[in-house]
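Sequences are here, hints too, so could you generate the full structure?
Taken in order, these protein sequences are the chains called X and E. Quick note on my numbering: the first sequence kicks off at 1 and runs consecutively. Quick note on my numbering: the second sequence kicks off at 1 and runs consecutively.
Treat the hints with caution; some may be incorrect.
Label-pair distances were calculated between CB atoms; the ranges are [stated by the list, open to error]:
| id | chain 1 | residue 1 | chain 2 | residue 2 | range |
| --- | --- | --- | --- | --- | --- |
| 1 | E | Thr164 | X | Gln70 | 52 to 62 Å |
| 2 | X | His143 | E | Asp571 | 40 to 50 Å |
| 3 | E | Gly554 | X | Gln70 | 36 to 46 Å |
| 4 | E | Pro109 | X | Leu355 | 23 to 33 Å |
| 5 | X | His143 | E | Ile323 | 22 to 32 Å |
Within a straight-line C-alpha distance of at most 27 Å, the following computed DSSO-like cross-link-like pairs (lysine-lysine) qualify [claimed, not checked]:
| id | chain 1 | residue 1 | chain 2 | residue 2 |
| --- | --- | --- | --- | --- |
| 6 | X | Lys379 | X | Lys241 |
| 7 | E | Lys344 | E | Lys241 |
| 8 | E | Lys332 | E | Lys307 |
| 9 | X | Lys577 | X | Lys379 |
| 10 | X | Lys307 | E | Lys307 |
| 11 | X | Lys283 | X | Lys241 |
| 12 | E | Lys283 | E | Lys581 |
| 13 | X | Lys182 | E | Lys577 |
| 14 | X | Lys283 | X | Lys332 |
| 15 | X | Lys332 | X | Lys241 |
| 16 | E | Lys581 | E | Lys379 |
| 17 | X | Lys42 | X | Lys283 |
| 18 | E | Lys344 | X | Lys182 |
| 19 | E | Lys379 | E | Lys577 |
| 20 | E | Lys182 | X | Lys581 |
| 21 | X | Lys182 | E | Lys332 |
| 22 | X | Lys577 | E | Lys307 |
| 23 | E | Lys182 | E | Lys241 |
Keep in mind the hints are simulated off the structure, nothing from the lab. In this text the structure is predicted, and so the values were computed from the model without any measurement. All C-beta atoms in this analysis are idealised placements derived from N, C-alpha and C, irrespective of residue type, glycine included.
Number of protein chains: 2
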Amino acid sequence: MPVLQPIVNLAELLYQKGVTDVIVSPGSRSAPLTLAVARHPKLRVRVIADERSAGFIALGLAQQCINNRQPRPVAIICTSGSAVYNLAPAIAEAYFQEIPLVLLTADRPREWVHQQDGQTIFQAGIFGQHVKRSYDLPADYGHPDARWYIERSVNEALNLSGLTPLGPVHVNVPLREPFYPKEGETFHYEPVRIIDALPVQPELPASVWHQLLREWEGAERKLIAVGQMSYHPELTAILQKISDELAVPVVGEIISNLHQNGVFITQSDTFLSSAAGEDWLQKLRPELLITCGHSFLTRNLKTFLRKNSAPQHWHIQPSADRIVDSFQSLTKLIPTGPLYFFEKLFADLDYQRFLQGDEDEEEQEFLQRWQNADRRAGKLVQDALRPAEPFVEWAAVQTILEQLPQHSILHLANSMPVRYANLCGIRADQQIAVSANRGTSGIDGCLSTAVGAALATDQIVTIFVGDVAFFYDRNALWNPYLPANLRIVLFNNHGGHIFRMIDGSAQQPELETYFETEQPLSGRASAEEAGIDYRSCRTTDELLAALTGFFDKGSTARLLEVFTDKRVNADMFQPYKAQVKQQFGGR
Amino acid sequence: MPVLQPIVNLAELLYQKGVTDVIVSPGSRSAPLTLAVARHPKLRVRVIADERSAGFIALGLAQQCINNRQPRPVAIICTSGSAVYNLAPAIAEAYFQEIPLVLLTADRPREWVHQQDGQTIFQAGIFGQHVKRSYDLPADYGHPDARWYIERSVNEALNLSGLTPLGPVHVNVPLREPFYPKEGETFHYEPVRIIDALPVQPELPASVWHQLLREWEGAERKLIAVGQMSYHPELTAILQKISDELAVPVVGEIISNLHQNGVFITQSDTFLSSAAGEDWLQKLRPELLITCGHSFLTRNLKTFLRKNSAPQHWHIQPSADRIVDSFQSLTKLIPTGPLYFFEKLFADLDYQRFLQGDEDEEEQEFLQRWQNADRRAGKLVQDALRPAEPFVEWAAVQTILEQLPQHSILHLANSMPVRYANLCGIRADQQIAVSANRGTSGIDGCLSTAVGAALATDQIVTIFVGDVAFFYDRNALWNPYLPANLRIVLFNNHGGHIFRMIDGSAQQPELETYFETEQPLSGRASAEEAGIDYRSCRTTDELLAALTGFFDKGSTARLLEVFTDKRVNADMFQPYKAQVKQQFGGR
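Okay, here's the thing in structure tokens:
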């Protein structure tokens, strides 16, 4: 048996456990891992030089596998030393966004750490609490127990990354020289032992359901608020039914993937902006709040729910091991899936309703209060966006959103793009699946994530990204895999525009120098370097012209750069703010 | 007192403790820290958007302060969330390279961690063993003990980063809203309490010196080997005296800053390449090995010293708390400074020699054996580099090294540039100070480090960097501070050329796809975007023309791109390898 046979077998183990894609960053210490996956006949291996981008590309791939309803971990291989730390931003995002990744980091054997040898840092447990678990494999395989430990640990790591909550796991792989097989030496993948963890469906006992139904019936005003969720038509359908037939307002943001269908509340960022304490807002306060999904995007919605906290707050989350109390009002954790929960809830209530008759007027009134505010806010936004001149980012976002192809995928980079897009909203009939890195909400890997997602689907993947996030992560485009279905919309206002848009930094004399930090670049050079079709616009007419054919299938990715003036963008926001204040009160 | 007064005071504390430079990456949570340093009249603050680059720019600044003989920590401020993790590669490098940095990372107050709020990760202790210590400040300052704790902790952090071994310290700063002062509110920097740790000079007691001198006298063949050290003329002078007058070979590499003066052994990578076990090499084996400095660069020297280990090995390192046993032969740690040690050693031995007469023949012979091998290796290298055609990287490195301005600073990026330059060596009379990120030996921040160094000096700072390292870290050029004294020499062979040069990967059929990973870019676009003067060459004549005036002072930084063919580079290395084998034996 070749000395490194247990490492060769890891590739087979990955494959048998359902891994199909591996992202590799080149290195010498990691060569045995690289060769093991590269020579495996079934694994799809891509090589990305910059580990920071590699991590986010893997995350995008795994995220899109979840959207495709085929969740499976994506494996990442990197060499020893600071290479590992360059993965950390993506790992933190994956942990909080609950995306399954398996990191295989090559290392020197333990005894060489801190001995002034190259590319050696403290790798065991390096990601701290940002991975679900960290494994440190042995460097010597002579004893059969060592091989048992490797096989068992990697089985466990792969199982764990796929158990809810999904997430990244770290397998540190110390490797002794020689790393390379002799010339012409072929790899033999031995049969590996697979230890599967069978899936379970967490269901609530009948007695618990009875109690929940009693409490539901006892609460006059119910509100359902949905945090970030992947696109999920069945869940959308049941929530729409609950809203329609049981008169319960359902609030979502653009990252919740509950889009504008005349039922869901999608404009809360506009009409809740006066959360500071208008009387009329208190009439929107629920008695029972039910939440599900991950994080919420806007401060306005969060502040509203914190300041008008419900006496009862149920949160549906896959595991009860941690209390996430975003609104400081949680009273019950319901550790199950939201689809199961809402379908069973609706069925039981529907049966009761059949027995007892319709819901009461107060509930209808509560729903209408939310829906009216939402409609008024939507009209206010449309009015604000109507003028074609001057050309501003927010209106450009709206125009492009309307033209997104049906059934396509939209990635929203952090900072302004996700906020603008949320203010606009998307029509439900467009059937757009929205993703955003809201686990840690960094700008560091948004573009790479979209590249990764586009590699996992044939649908058009569009990313809206600001200039700072784009150039920060421009190495996303420094690889030979850019898929033809990728569409980049780069909103270039030459700086960190968000600081001009938020209260606080906007008022500081240091705004331009220390916050906005003007940057002069255009994306043209990056597009040319990457062999991407490039177009740009500076007016509404130019934008409409540039959009012609932009989303059509083609042979290369495309980049549309939307140039706007930061001062005009900020100025044109003022009439909107004034209107909001006039109609909804507050600041 | 404004709520955030203790945070405002931190800026004054930094200044009072000797910090002059602060690198800030923009953020909202970090605004109080940013404003505190930005408004401080004495701190020099620069804003860098990409935290990964910001970390390495800070490292380069602090590294150059050490070279300037004014060691002082550079402060880094970043916002909460994955921004912090983007600093990690630079922090690991700073830890192992022993460069003082003070990281002030804004955070949410503890109770908001893992509550699905944006830009929140587990920041307390996030850098693990890669910082000297980690502090987690309180978020509430009402109680005077909390203010005492902040002042004391930051005093300690700054002291600690400046104690040998120098290194990074982490101060995590949870901050509550509101972050921003009211419009027009001015900052008042209160008097702060400074707690200084007085410097001490570690000296060996007389009895210990007597024992060391007895052991020195008892060993026939002594060898001094110097790992990475900053440029240090006094140390160089005493080592030269020891070699000359006491007949002790002194081995250095290019990163040791002991350059070619006819005395020091600088070509060991060539003549020790047969370390696997030639008889003549055993005659180079020392009875007493004395080492100082940080890591060694070449495998050949390390393998020689491991395989021919000295019965006695003394290592001079500033602190005895950790055993770094790079050659698996260490017998004595000498926890003092090398200048003190070698000056006292020489003085004592010189006095003994005056009393007892000259050194013996065996010592002279041992020195000559090392120096002869070194001279022969040097000639072999010069012969290998003589042909002007075909144009190869190694010869281009030599040509440019010869033209470096006197008293200038040379940064060598990892992977091939540092290896080529070490094979060439530098003439001592050029008085070049060489730096390289050999703490973790990553390619991730070499360019940013050089940018940082150039900000801390008026001397010309030249960096030799390969194309993968250049593009990996191209955000080094994405800031408005690029100093006119920066010279970038980009060796572009369109891939990770090192994998073609080292045994093992070069022989794999996967070489091109999975290791070398060809990349098509040229640095021209990056230079143009950054407003840097650009020139390029593809032949020796073009190189010589391009070098005309390249190092002259000017108004902008300059980039020289040296294009070569990877296959020709590798082919032209073969005759050198054959010559080495013929003259020195081995592989």
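For each hint, the structure was consulted:
E/Thr164 and X/Gln70 have their C-beta atoms about 55 Å apart, which keeps the hinted 52 to 62 Å range intact. Range check, X/His143 to E/Asp571: about 45 Å between beta-carbon atoms, so the 40 to 50 Å window is met. In this structure, E/Gly554 and X/Gln70 break the distance hint of 36 to 46 Å, their C-beta atoms being roughly 57 Å apart. For E/Pro109 paired with X/Leu355, a C-beta distance near 49 Å fails the hint of 23 to 33 Å.
Between X/His143 and E/Ile323 the CB atoms are about 27 Å apart, so this pair conforms to the stated range of 22 to 32 Å. With a C-alpha separation of about 25 Å, the suggested pairing of X/Lys379 with X/Lys241 holds against the 27 Å cut-off. Only pairs whose Cα atoms come within 27 Å are accepted, and E/Lys344 paired with E/Lys241 is accepted, the gap being roughly 12 Å. With a C-alpha separation of about 19 Å, the suggested pairing of E/Lys332 with E/Lys307 holds against the 27 Å cut-off.
Of the pairs offered as hints, the one joining X/Lys577 and X/Lys379 holds, with about 14 Å between alpha carbons and a cut-off of 27 Å not exceeded. At most 27 Å may separate the alpha-carbon atoms for a hinted pair to count; X/Lys307 and E/Lys307 exceed this at roughly 71 Å. Of the supplied pair hints, the one linking X/Lys283 and X/Lys241 holds, its CA atoms being roughly 23 Å apart against a limit of 27 Å. Of the supplied pair hints, the one linking E/Lys283 and E/Lys581 holds, its CA atoms being roughly 18 Å apart against a limit of 27 Å.
Restraint check for X/Lys182 and E/Lys577: satisfied, since their Cα atoms lie roughly 20 Å apart, inside the 27 Å limit. For a cut-off of 27 Å, the pair hint linking X/Lys283 to X/Lys332 stands: about 23 Å separates their Cα positions. For the hint linking X/Lys332 to X/Lys241, the alpha-carbon distance of about 24 Å falls within 27 Å, and the restraint holds. Taken as a hint, the E/Lys581 and E/Lys379 pair is honoured in the structure, with Cα atoms around 14 Å apart against an allowance of 27 Å.
Taking the CA atoms of X/Lys42 and X/Lys283, the gap is near 58 Å; set against the 27 Å cutoff, the hint is violated. As the CA atoms of E/Lys344 and X/Lys182 are separated by approximately 52 Å, the hinted pair breaks the 27 Å bound. Only pairs whose Cα atoms come within 27 Å are accepted, and E/Lys379 paired with E/Lys577 is accepted, the gap being roughly 14 Å. Restraint check for E/Lys182 and X/Lys581: satisfied, since their Cα atoms lie roughly 21 Å apart, inside the 27 Å limit.
For the hint pairing X/Lys182 with E/Lys332, the CA-to-CA distance comes to about 40 Å; that exceeds 27 Å, so the pair is violated. Restraint check: the Cα-Cα separation between X/Lys577 and E/Lys307 comes to about 75 Å, which exceeds 27 Å; the hinted pair is violated. As the CA atoms of E/Lys182 and E/Lys241 are separated by approximately 64 Å, the hinted pair breaks the 27 Å bound.
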